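**Q** Start from the sequences and build out the full structure, keeping to the hints where you can.
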Amino acid sequence: MAARVTESPHDALGLSVDDLLAMHRAMVTARLLDEAAFRQNRMGRAPFVVPVSGHEGCQIGTAWPMRKGIDIWLPYYRDLGVVLVAGMTPYEVFLGIFAKADDPSSGGRQMPAHWGSRRLGIISGSSPIATQVPHASGIAYAAKYRGEDAVVACWFGEGATSEGDWHEGLNFAGIHKLPVVFVCENNHYAISVPQSKQMAVENVADRAPGYGFPGVVVDGNDVLACYGAMKEAHERARRGEGPTLIECKTYRYFPHTSDDDDKSYRSREEVEEARTHDPIAGFERYLADRGILDLPGAASVRAEVKEQIDGAITAAWEAPDPEPESALGHVFAESP
Amino acid sequence: MAARVTESPHDALGLSVDDLLAMHRAMVTARLLDEAAFRQNRMGRAPFVVPVSGHEGCQIGTAWPMRKGIDIWLPYYRDLGVVLVAGMTPYEVFLGIFAKADDPSSGGRQMPAHWGSRRLGIISGSSPIATQVPHASGIAYAAKYRGEDAVVACWFGEGATSEGDWHEGLNFAGIHKLPVVFVCENNHYAISVPQSKQMAVENVADRAPGYGFPGVVVDGNDVLACYGAMKEAHERARRGEGPTLIECKTYRYFPHTSDDDDKSYRSREEVEEARTHDPIAGFERYLADRGILDLPGAASVRAEVKEQIDGAITAAWEAPDPEPESALGHVFAESP
Amino acid sequence: MTEKNVLTAIRDALHDEMSEDDRIVLLGEDVGARGGVFRISEGWVMEFGEQRVIDTPLAESGIVGVAIGMALHGLLPVAEIEFADFIHPAFDQIVSEAARMRYRSNGDFGCPLVIRAPCGGGIHGALYHSQSIEAYYGHVPGLKVVLPSTPADAAGLLRSALADPDPVLFLEHKKCYRAVKGEVPDGRYTTPIGLADVKRQGTDLTAVSYGYSLHLCLDAADRLHQDEGISVEVVDVRTIAPLDKQTILSSVRKTGKAIVVYEDNRTYGAGAEIASTIAEEAMFDLDGPLVRIGGPDIPAMPFAAPLEHYFIEPEPDHIYRAMRDLARF
Amino acid sequence: MTEKNVLTAIRDALHDEMSEDDRIVLLGEDVGARGGVFRISEGWVMEFGEQRVIDTPLAESGIVGVAIGMALHGLLPVAEIEFADFIHPAFDQIVSEAARMRYRSNGDFGCPLVIRAPCGGGIHGALYHSQSIEAYYGHVPGLKVVLPSTPADAAGLLRSALADPDPVLFLEHKKCYRAVKGEVPDGRYTTPIGLADVKRQGTDLTAVSYGYSLHLCLDAADRLHQDEGISVEVVDVRTIAPLDKQTILSSVRKTGKAIVVYEDNRTYGAGAEIASTIAEEAMFDLDGPLVRIGGPDIPAMPFAAPLEHYFIEPEPDHIYRAMRDLARF
Ligand SMILES: Cc1ncc(C[n+]2csc(CCOP(=O)(O)OP(=O)(O)O)c2C)c(N)n1
Ligand SMILES: Cc1ncc(C[n+]2csc(CCOP(=O)(O)OP(=O)(O)O)c2C)c(N)n1
Ligand SMILES: [Mg+2]
Ligand SMILES: [Mg+2]
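Chains as they are written, first to last, in the numbering used here: chain A, 77 to 412; chain B, 77 to 412; chain C, 278 to 606; chain D, 278 to 606.
Think of the hints as simulated: they come from the structure by calculation, not from any bench. Just so it is clear, the structure is predicted and the values come from calculations on it, not from any experiment. Mixed in with the good hints there might be a few duds.
Covered, in the sense of this in silico footprint (three residues per stretch, anywhere, with C-beta under 8 Å from a C-beta of chain B), are these stretches of chain D [stated by the list, open to error]:
hint, stretch
1, 340-351
2, 383-395
3, 443-452
Derived DEER-like restraints, expressed as beta-carbon distance ranges [what the hints assert, rightly or not]:
hint, chain 1, residue 1, chain 2, residue 2, range
4, D, Phe606, A, Asp335, 43 to 49 Å
5, D, Gln478, A, Met119, 45 to 51 Å
6, D, Gly320, A, Ala364, 45 to 51 Å
7, B, Asp225, D, Asp496, 56 to 62 Å
8, B, Pro412, C, His502, 36 to 42 Å
For glycine and all other residues, C-beta sits at the position ideal for the given N, C-alpha and C.
**A** Shown next as structure tokens:
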């Protein structure tokens, strides 16, 4: 065999060094935001927070191929990393956590992490699981009907796949070969319910053939693998070849939310083991191995991000609360 | 290769000649009942009838392995053939069609063909499609919990597979490896909606792997093939190996119901072509080829069945209507 | 002006609006080649194309959920539910999603969606093709619920629903479809959502009703006038939510007597809110008892003719007699 | 007698009944290892086994549908819906299936099913963990709906629900879980479904309420007595359906004044039926206006503290003041 120059995975994917550094920064931002939010929770300033830690690889990876201003995002509550890529800032995230009037998602009406922003193309999400799945199909139908080039992406956990809406949404997308990508962040638990009690199969992706489109399993802790899977699905959608279901195997390091206590259903050993596959650590090794970012470099990214977050927290905390009577507004377009 | 005596398919399936004749009679009964019901409809005596013709092969075939008094039946409205095997008589069927007080399914409260009978183990069915699917899983769970040997069978059309309840019901059955058989009578239309607009796949059975159990495609016009598939699934269920999804490819010869007009959505040529695969004619050829039932024999079965049906119609027509105020009864156990 | 029945009025109005605005798409079971089970969209798949007249899979939650997505992305979807009885699987999409989209996003997103569903009984539809569902949905903040009972109102309200920036549940009483005829103005006129309508002037008592019951009230009122010279004013609620209190209350204040008539199961039905509103705001104007007539509290109209009839009229001429007794009070 | 909060009373009663009757199974999301999000079933999966304490997939329609199947085949399932807000996907299974099984089969099949769901707001649950759902379900013939507000009632009504041959929706107000304590009789006593309860005797006016609002009424009544010597009788509805008209009407006839207080969105809420019943049957006994106080007609309680507080108390002490004004009328 002829010798050839080894190409790095990111070259093959068409990612520049700047891309990689930006992806890394986004992952670090998600992680540090998470930790900061939990601190605010313990300080009694944030009644409810939803952790992301562990999911940064699959979120940043699958969000990255999306085009701002063109594509449409339907994240679920755990998708802090996704909405950061879509353009939400740490300040806006904390406006939500502190339920301030200027929270872009809901003006403090919804729980934190119920993302939404017309400006950013992030469709407002609710708490009931999997309801956004048929919305994604409907948006993709409208985009196709209107002859737009938009791709719709819809994220959810493996627990969401048990809901009837999930089935109905994927079925419709398959029939009409819609430009939509369904991304399952399989962290093996739905709150406390393990995957074995959620479904009788190992891979959620195995359900895709039943809807007439491909299902792909990818290592959710490998941000580049996630990026690659999404890039391909995104291109497939743009080519008019229809939906893809991507399943990212990952893990959540913290409890389900600040209201949960995961000790009742997961051993500490299991959590520790999962942490050895940390997507950020893995990506930093990748970057270090290729001389793109060394340890001190990574540390200074952390320091910069931390400073940005601290500033965001201070500013968001000072922002005004919603006015009590504003509770009556926006029931209908003609409401006060 | 050593020569060996050719075994007939029914021998391999363990069916006796008496079995075959009884199956044939059941198929003929379903067909003639259907035709008689339509005549009653045209005479203005039956406001609403649901045809079965074309489905006799898959219904009699899949119903036949079920054990009366032990197994549990969840048919849908098209399953006249199934309930005949379960033990409903033509007289009882016409009590339902004429909405008489003694209609065993509902005392004339539901539309005809909304089967039910505690005595026969037929679970009361409703109009909303696919709602019985999770019931089947729950009954199978209860049977397993109570250590019973019962097998639960649940029938539905291919349209029903699009409902969320269908997904949720199969998923639960797969997780708990329940003794239940799901039978899809795929006649390629849900009222007017063709299969291509119902799903992006050719076989409903291809969805079974997504629930962790086998899916089987069978020629629904071949009563013995349907019997064989069900027998295997039934045994599998009894062995504790879990559910099976059987898909029978078939066709409906008449409109969806007496309220439908199928000319708008199916060409007459298509219907005529389908009729060349008539499950009764096919089975009669099988029986004639093996000298089990010749043409005159089949004709006299028809005559006997017709006489029975005529008698049933006369008797059912004479039966008393429900009392008006009885409409208030049975809302709760303690109701009047 | 053209005489039409309710079915034709709805069909013509929807057809005209679809011709004018290609953002409108119709989706539901059997709306394509079959033209809908009530033939509202007969021939439309040829006229407007499969992209605009969409035969969906058999999945109501999906129908509404997909329609919400369309509404969020520039279309004006009309989701047809084959029978109102089959809307229940979509309850969550309607209540949690469509009706809350604007509120939960603090006004950032709107959801201009029309859900059409044939409701009501009296057509031998039995337990699952006869239900009244307006009380469930009237209680949902963020959702408008209309239930027109004449051809002119049906066409005008449908146009308003299509123009509304928020989700509207448009209920069509099956018994009115063909049984009720009337003059329909030509042209693309609208009838405002949120306004009740006095369908018959009167002085002795006010009957508040909607749906097919409205026509039973009008009929009883006519006969009472002939038989006994009693003058009944009949108010057609038309919009279940938001309820037009003012029209109802002015009529009741004028006549001093009120009877509320509805087909749905009586208890916790829409009539409860109407009667309660009258009691709270006009009790001191009443010169007689406040009377409420709803259907019996049984799951729905049974199939057998004697049972169905008992649901509709448990005692001979019960509406007529209740009006007469109230007038004489 | 033992002092317990509502949560503990429910847990103990359910635990005791499960110990006595192995036909009872508990199914729902996170009921197993996690013991439920409110820890009702903590440790039970060890005690009763995985076959009886079933962690289900995330699928509410499936949970109720599977439970119906269990009920049809000899078990007594208790289906737990994690929050009442998430019961909506199961609307069809509850309304079309559980509630109609007996009626549609002409009494041949029964469906002894208990559905438990934590409802109500005031715990910073925001739009989807704060909803009141009793009005939707109170309107369903064939379904019983209970909403106890004290520990003793909760335990007694839960036992009645488990013994009932028909489906019962058992609503547990989340704010009452820990905030409301009281004496609970020892032993397996029952509290009958369908009976309201006078929680406070009084002579000047009757307040009819349930859920956490009941406690707001009791508190306002105590303060009014102290401040102004006004004597308020407080009736706890307890069973939303079937509604105990008699207890409500006797109290109103005695005091001559009625105020109905509920947390749910006001319009088409359960209070409409209660007020309407009073108006129809006791109007001539009233010496003052009929007053109804419900929550605002907005989707649900928002998350931000000022907004949530506005939902609960739009004006300072609004219940107290409404009672005082009515008493003074
Ligand atoms: C319809 C509905 N049922 C129940 C819940 C409560 N709930 C919130 S998150 C969750 C688990 C979701 O698990 P999964 O989809 O795997 O996502 P993950 O949280 O693991 O990322 C549940 C049961 C809900 N929000 N909506
Ligand atoms: C939930 C619900 N939606 C719609 C209907 C109306 N409907 C009755 S039968 C039917 C088609 C069913 O098709 P399929 O499951 O293929 O069975 P088939 O009639 O072809 O045997 C429809 C849409 C219904 N009964 N229930
Ligand atoms: Mg998960
Ligand atoms: Mg079919």
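**Q** For each hint, tell me whether it holds in the structure or not.
**A** Status of each hint after checking the structure:
no.: 1; hint: 340-351; in the structure: holds (count 11)
no.: 2; hint: 383-395; in the structure: holds (count 5)
no.: 3; hint: 443-452; in the structure: violated (count 1)
no.: 4; hint: D:Phe606 <-> A:Asp335: 43 to 49 Å; in the structure: 45 Å, holds
no.: 5; hint: D:Gln478 <-> A:Met119: 45 to 51 Å; in the structure: 47 Å, holds
no.: 6; hint: D:Gly320 <-> A:Ala364: 45 to 51 Å; in the structure: 47 Å, holds
no.: 7; hint: B:Asp225 <-> D:Asp496: 56 to 62 Å; in the structure: 58 Å, holds
no.: 8; hint: B:Pro412 <-> C:His502: 36 to 42 Å; in the structure: 38 Å, holds
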